[in-house]
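Chemist: Note that the protein sequences, when read in sequence, are chains A and B. Quick note: the first sequence uses my numbering, first residue 1, plus one each step. Quick note: the second sequence uses my numbering, first residue 227, plus one each step.
Fair warning: there could be bad hints in the mix.
Below 25 Å or equal to it, Euclidean Cα-Cα: the simulated DSS-like pairs (lysine-lysine) are [unchecked claim]:
(1) K666(B) <-> K205(A)
(2) K617(B) <-> K205(A)
(3) K205(A) <-> K589(B)
(4) K558(B) <-> K205(A)
(5) K592(B) <-> K365(B)
(6) K171(A) <-> K92(A)
(7) K472(B) <-> K426(B)
(8) K517(B) <-> K557(B)
(9) K205(A) <-> K592(B)
(10) K189(A) <-> K469(B)
(11) K170(A) <-> K472(B)
In case anyone wonders, no lab produced these hints; they're calculated from the structure. Just so it is clear, the structure is predicted and the values come from calculations on it, not from any experiment.
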Amino acid sequence: MFKSKTSKSALVAALFAASSVAFAGQFDGVGKSIDPKDVASWDISVHFDGDGLPAGKGSVADGEKIYQAQCAMCHGEFGEGARGYPKMLGDKLEDLKKHAKADEDTVSARGINNLWGHAPTLYDYIHRAMPFFAPQSLSVDQAYATTCYVLYLAEVITDDKMVCDAEALKKIKMPAVDNYYTDPRPDVKNTRCMNNCTKDAPVVKGKAVIGDISVGNVKKVGEGSH
Amino acid sequence: MSEEKITMPVSGDEQAVASEARRSFLRKSVAVAGGAVMAGTVAGRAAAEPLAIPPTNKMLGRGVVSVPYGMPSKFEAHVVRRNVEWLTPDTIASISFTPLQDLEGIITPAGLHFERYHGGAVDIDPATHRLVVHGLVDKPMIFTVDDLKRMPQTSGVWFMECPANGAMEWRGVQMDSLQFTHGMISCSEWVGVSLLDLMKAVGVKKDATWFYGEGADGSGLQRSIPLPGAKDQFGKPIPDADKIYKDIIIAYAQNGEALRPENGYPIRIVVPGTEANLSVKHLRRIKFTNKPLVTYQETRHYTDGMPDGRFRQYTLINETNSVVTFPCPDKKLSGKGAYEIRGLAWSGRGKVKAVDVSVDGGKTWKEAKLVDPVLSKCLTRFIFPWEWDGKETLVMSRAMDETGYVQPTLRQLREVRGTNSIYHKNSIQTWKITANGEVKNVQIENL
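Bound-form chain A, shown alone:
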């Protein structure tokens, strides 16, 4: 069996204790080692802080050409969304927050400008998954250019002469960067009441808000994006 060169941490110690089967000796030789440089073609992931961004660059102007040819049919000429596909330009973050505070629906308000915390992961997503019909078809430079143009459409950057590369994307402060937070749950507490659990008669709401959707009765009544 392969021996760990690092000193054992709490995690590693826990691993050895928790594992169901003694994984010793007999499975040595299952799987092969691989040189990290041979993983490079698959290792395309980019972290929020830009770790993993490749060398390359692309301009807003170049991105516009790619976007209008390969993206606009689904995301709209101006990033307003088309045929139910997601918008690039959503409401301003302050407006999205206003809607939320007024308990109004915010789903249709969402876009790159109010929902992405980090420009590097936008590059990652476009590079790996878009255009939808031909994922991983954009070169690194094309992906930088398209990312740059999408950021421009989403009004995150205003300079139409901008050139995006790793350093530029790392420097961009997305409006929503601090709009995320981690918080433990449970955040809601119910008690196991068995008798006399309600004082008032139940207020029953049953009318379908958007549509009366049942098996065999699926109607097209609007659109949403989850």
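Guided by the hints, dock chain B onto chain A, whose structure is given.
Modeler: For chain B alone, coordinates are given in the frame of chain A:
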């Protein structure tokens, strides 16, 4: 080897059967008419009709391997996954729902497992598929599917639930159907390799606090999964990071056979108890890291919109939930009398401890019987004997898990999370039974 052939007058036989079926149908119609007359005269109870010999008694059936891979009876053709067209712009980045109303027990047939794609289901040849495990490890490694199958095997019966299960109901009732209110959940026996064994094989370094999995599909779906000590992009600890990783497996089988393409063939991650997006399908790469990606799937999707307009992230565990599966909008009652109220309960934190049922709008609750087996992070069946008096009735179930957490009401959830959360709606579901036995989806505002 020579095959012995038995020749039979098949076509003639079929004709005989068909005409026998017609005659039996005519007899039956007469019998039914007679029965109705009797019901009017004898104590209001329909008498059984004289028995006709079923045509299948008088014919031969299909031979072995006429259907090499068995399919459900043609009379079960209505038991299918369904989608709601207007939810998504196409079916490639979309969702379909499991027909919970037609299923029994706790195992979901693989072909009825709900689907959630971000780039469609792909067909991957296991002979060429590879899993790379690298990053903060002593020895980056590459595995074939056969390599993984040779490693120590582990398994569990766990639910798989999209955190958007119930998403359409936050603002009010939308779906008059159990399939659409709760059908983004399935439960399978998953078989594969323990993540812990894989971690030992590559020698994970002590500063690894996260790993991410990445799929070989068109979405290249990737998702960060916390290990003990995991912190978010701001340095805040990830809740339950010391618990989630222990059960994780790299699965290659589901309910006795290879994973279905829709469920990640040939290999996927299974992270029991957590939102299904973590259980990356078509897995091609695992990388150990000391920080999360904070990728598309961790911000744009799968974060919970809160009432102040901020988004709560890394809400990974699917908390205790339950629903009555009979009666439900998809299955009406056929008149007053004795019934079993039946349902499903589950918790991402462990075993279901108890399920209570109310048939008076939440005023009184009685404990239902849990049906064995009761397993951790697994669908659990409950049964509640009940006599329907034919009047309008509000039916609901409320589960409690082994941590003592009690499934909340919708009002309680909304008080904390508002109505823009999309994800993790685990509130008590109410069905209203009308006097004619129809069942409607309703919400009780003041419960």
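Chemist: If a hint holds in the structure, say so; if it doesn't, say that too.
Modeler: Going through the hints against the structure:
About 11 Å separates the Cα atoms of K666(B) and K205(A), which keeps this hinted pair within 25 Å; it holds. As the CA atoms of K617(B) and K205(A) are separated by approximately 18 Å, the hinted pair is consistent with the 25 Å bound. A hinted pair counts as satisfied when its Cα atoms are at most 25 Å apart, and K205(A) with K589(B) qualifies at roughly 17 Å. Taking the CA atoms of K558(B) and K205(A), the gap is near 20 Å; set against the 25 Å cutoff, the hint holds.
Between K592(B) and K365(B), the direct Cα distance comes to roughly 56 Å. Violation of the 25 Å bound is thereby established for this hinted pair. Of the supplied pair hints, the one linking K171(A) and K92(A) holds, its CA atoms being roughly 20 Å apart against a limit of 25 Å. Distance restraint check for K472(B) and K426(B): the Cα-Cα separation of roughly 13 Å lies within the 25 Å cut-off, and the hinted pair is therefore satisfied. Using a Cα cut-off of 25 Å, the hinted pair K517(B) and K557(B) is violated, with the two alpha carbons roughly 48 Å apart.
Restraint check for K205(A) and K592(B): the C-alpha separation of about 24 Å stays at or below 25 Å, so the hint holds. A hinted pair counts as satisfied when its Cα atoms are at most 25 Å apart, and K189(A) with K469(B) qualifies at roughly 21 Å. Of the pairs offered as hints, the one joining K170(A) and K472(B) is violated, with about 34 Å between alpha carbons and a cut-off of 25 Å exceeded.
The earlier numbered hints that this structure contradicts are 5, 8, 11.
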